[in-house]
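Enquirer: What follows is the residue order along each chain.
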Amino acid sequence: MTKPKIASDWMCGCAGCHMSLLDMDERILKVLELVDLRATPITDLKEPDESGVDVGILEGGINNTASEEVAHKMRKRAKILVALGDCAVFGGVPAMRNFCGVEAALKQAYVDADSNEPGSQIPNDPELATMTKTRALHEVVPVDYNVPGCPPDADVIFYVLAELAQGRKPELKNELLHWH
Amino acid sequence: MVQITINGKQIEAPEGTTVLRAAQMAGIHIPTLCDHKELVPYGGCRLCIVDVEKWRVPMASCTLPVSNGMVVNTETEAIKKSREFILSMLFSERNHFCPFCQVSGGDCELQNAAYHEEMTYWPIQPGWNKFAVDTTHPYFILDNNRCILCRRCVRACGELVGNFTLAAAERGAASMIVADTDVPLGESTCIKCGTCVQVCPTGALIDRTSAYQGPNAEFTEIKSVCAGCSVGCATKLIIRNNRIVRIEGDWDGAINHGLLCEHGRYDPMNESRTRITTPQMRKNGKLEPVSWEEALGAVADKLRPLAGGKNGVAAIASTRLPVETLAMFKELFVGNFKSELVTSTEEGMPTAAVTSFAEKNGAFEGKLDVLRTADTVLCIGANINRNHMVAGFMFKRNLPKGTRLINIDPEISELDYLANSTLKNKRGSDMALIKGLQAIIVKEGLGRSPLDIPDADGLIKKAIGATGVSREELTQAAQTLARSISPVILFGKGITAQRDEKLVEELYRLAVLVGAVDSERNGLLSIKGEANSLAATLLGLDEAFNLNGQQAVYVAIGDDYASKSLVERVSKAPYLAVQASYESSLTEKADVVLPVTIWSEQDGHYLNLDGHMQSTQKAITAPENVRDNMAVLSEVAMRMNMTMKSDWKTSVLERKSSVALN
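Protein chains in written order, with numbering that gives the first Met the number 0: chain C, 0 to 179; chain P, 0 to 661.
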């Protein structure tokens, strides 16, 4: 039997969920025995195989056109899509900018904040992605499994990966279900 | 009894029980949010919906009474789906950011309910609308972003506390929890009891001191009793690392049923006095830190020759101290020292007249619970809105339901605004007023038991003249009281401080006349003062503290405040020994200061105003070099070669109590 292929990527998050993944310590070797780890943001291969993967994992919410692309690409190439962490599941902390809107958030960050040089401007390079409202992954593409937590515990990530790798449906409940 | 079936289980429940309560009694869990066992069922959140066979739609089990043969299912697929939908709607309505909410991770009933449904996400995302955060209150914060409009706070404020500050404004999705006419909480009529915070199921109302100090699972909880006043409210001390992070009312408390007032919940958390952590002795006119050995030795050397002598030692102890400490204090200074002046800091003001009446007539007072069912409360000389507040909650909550309040007080009091009749009699005219009320009732034939009043007209005239209260006002109050079915007469320091047993007697006669006291019930209560007012008077520590040339004064103030007048009186004494927890103008005057434990650092008993003996245990460890109040007294005794043997439980029974003890 071939090992299931797994790929991951991050969008509007803090990388904390991937740190939590690494936090499973030596159990990551067990995971590697079970799966064929393909692209991740912390390994050399950056994009999920064009030929497709079995499980795609996304950390972070969707806050601009670039992360929209990441989400759509992963959805297209992964049989099973997992939203990892509160930002991917709910929008999380970055979604708080939805209260003021993109314009006000950019102005505060690049112009009004005291740490800016006088005369600073909002970056407007045409190559930059366009900012959007921050959304949860399921608002943009269909999600198969939501794994909440800020970040999800390493135990939870290990459980989810181990179940998926062995072709079972992970069920988050009781001590495995925590939103933060 | 009614037979019903819940999830296939046959259950018998009394008629009138709700399906929710019947399920709870049978150990079946139905998720709820707006429900609270001390509040009237409300049916607001709908989370408790259940399927009733042959009924068209799911029903809220919290407001659905059981009926014979009812078949209820709480875990059908349809019900589970509906519960998830209800929770989805709740999460989408406001802004619930669990990662940085104080109650997330075990203490949020909303989050726990979602976990129960195994929700891993919100099917409906929030609308990203901003809601106000009210930070104007000194003790708590209202974050409307986390409010689910269950109205537990609103109901607790009205139904339990009787303050009716909180309300819900607007309707539907626009509903908001507001104080009064939508004013900031800090500027509202809030009396700062904090009950709303204690009942809030989410992080919408959070306590300033304990917020973000950790989840409840990381705290230890120790049951205690509030030492703030004579009501004796049961509390739960929430402790972390030898520090109280929060005080809660104990829902199982026999007297307060979970309620506390500002003095019980917040005052101890905002203690600003400086703690004394080492014994001190006056040397060259200045207080210097010394060892316990030196300080106790000096006190013993000073007191030893004065024992038994005339004008020897005068001693005074705080009525905030536990009963056993007061009993030991009495044994040391009355039994061993043979001092002529041994009393307590309240000097019997709230109790002496009551106890001396009881010594002749036996127990005559009722229990606090009688206030809950009173249809008229006559408050005389008792500002129950400022002190002994929880006793006030017991009837204030019923005022909108028709309970009448008659307030008699020469001083302006907050109760005046709530009262149906307010009699502002002249100072010292209470006797004439009480007799006037009796006379009107007898003259109009409204009495429920006979009372012989030969010259009713004369007494009424005298009452009007002496009190400055008009005939109409007096008559109206008398009629209201006499026409009530379950009246209660509550008297306080305004009466008892006059040290006139006759006043108590006339109040008793009035109570019998109007049926407040009969063979069935007893609706006459004195509110007393501090935590151990009653114990102090029963121990005989209730005389006025009039110093008369005593060579030395020993003050056991504990963690209490010393009154200005006490400090003035004792500062004239040639020698002053003080055992105290905090620095004050009293300790400044002392020759020796012995640092002692505060209420939470010692074991002890408290005898509340209606005779409940309650015990507390040491909840936190005192600072190094601070000793227990009892230990200090026995050290003093030991150095005098005095033996302490009597049992405090017997000493407290030496005098007849005005209220039955239990």
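For the record, the hints were derived by calculation from the structure and aren't laboratory data. Misleading hints may appear alongside valid ones.
[What the hints assert, rightly or not] Okay, the calculated bits of chain C under chain P, using three or more residues with CB under 8 Å as the criterion:
#1 23-29
#2 82-90
#3 135-149
Note that CB positions come from ideal geometry on N, CA and C, so glycine has one too.
Enquirer: For every hint, state whether the structure bears it out.
Expert: Each hint tested on the structure:
A stretch counts as covered by a chain when three or more of its residues have a beta carbon under 8 Å from one of that chain; for the segment 23-29 of chain C and chain P the count is 0, and the coverage is violated. Residues of the segment 82-90 of chain C lying with their CB closer than 8 Å to a CB of chain P number 5, which satisfies the three-residue condition for coverage. Counting residues of the segment 135-149 of chain C whose CB lies closer than 8 Å to any CB of chain P gives 9, which reaches the minimum of 3, so the coverage claim holds.
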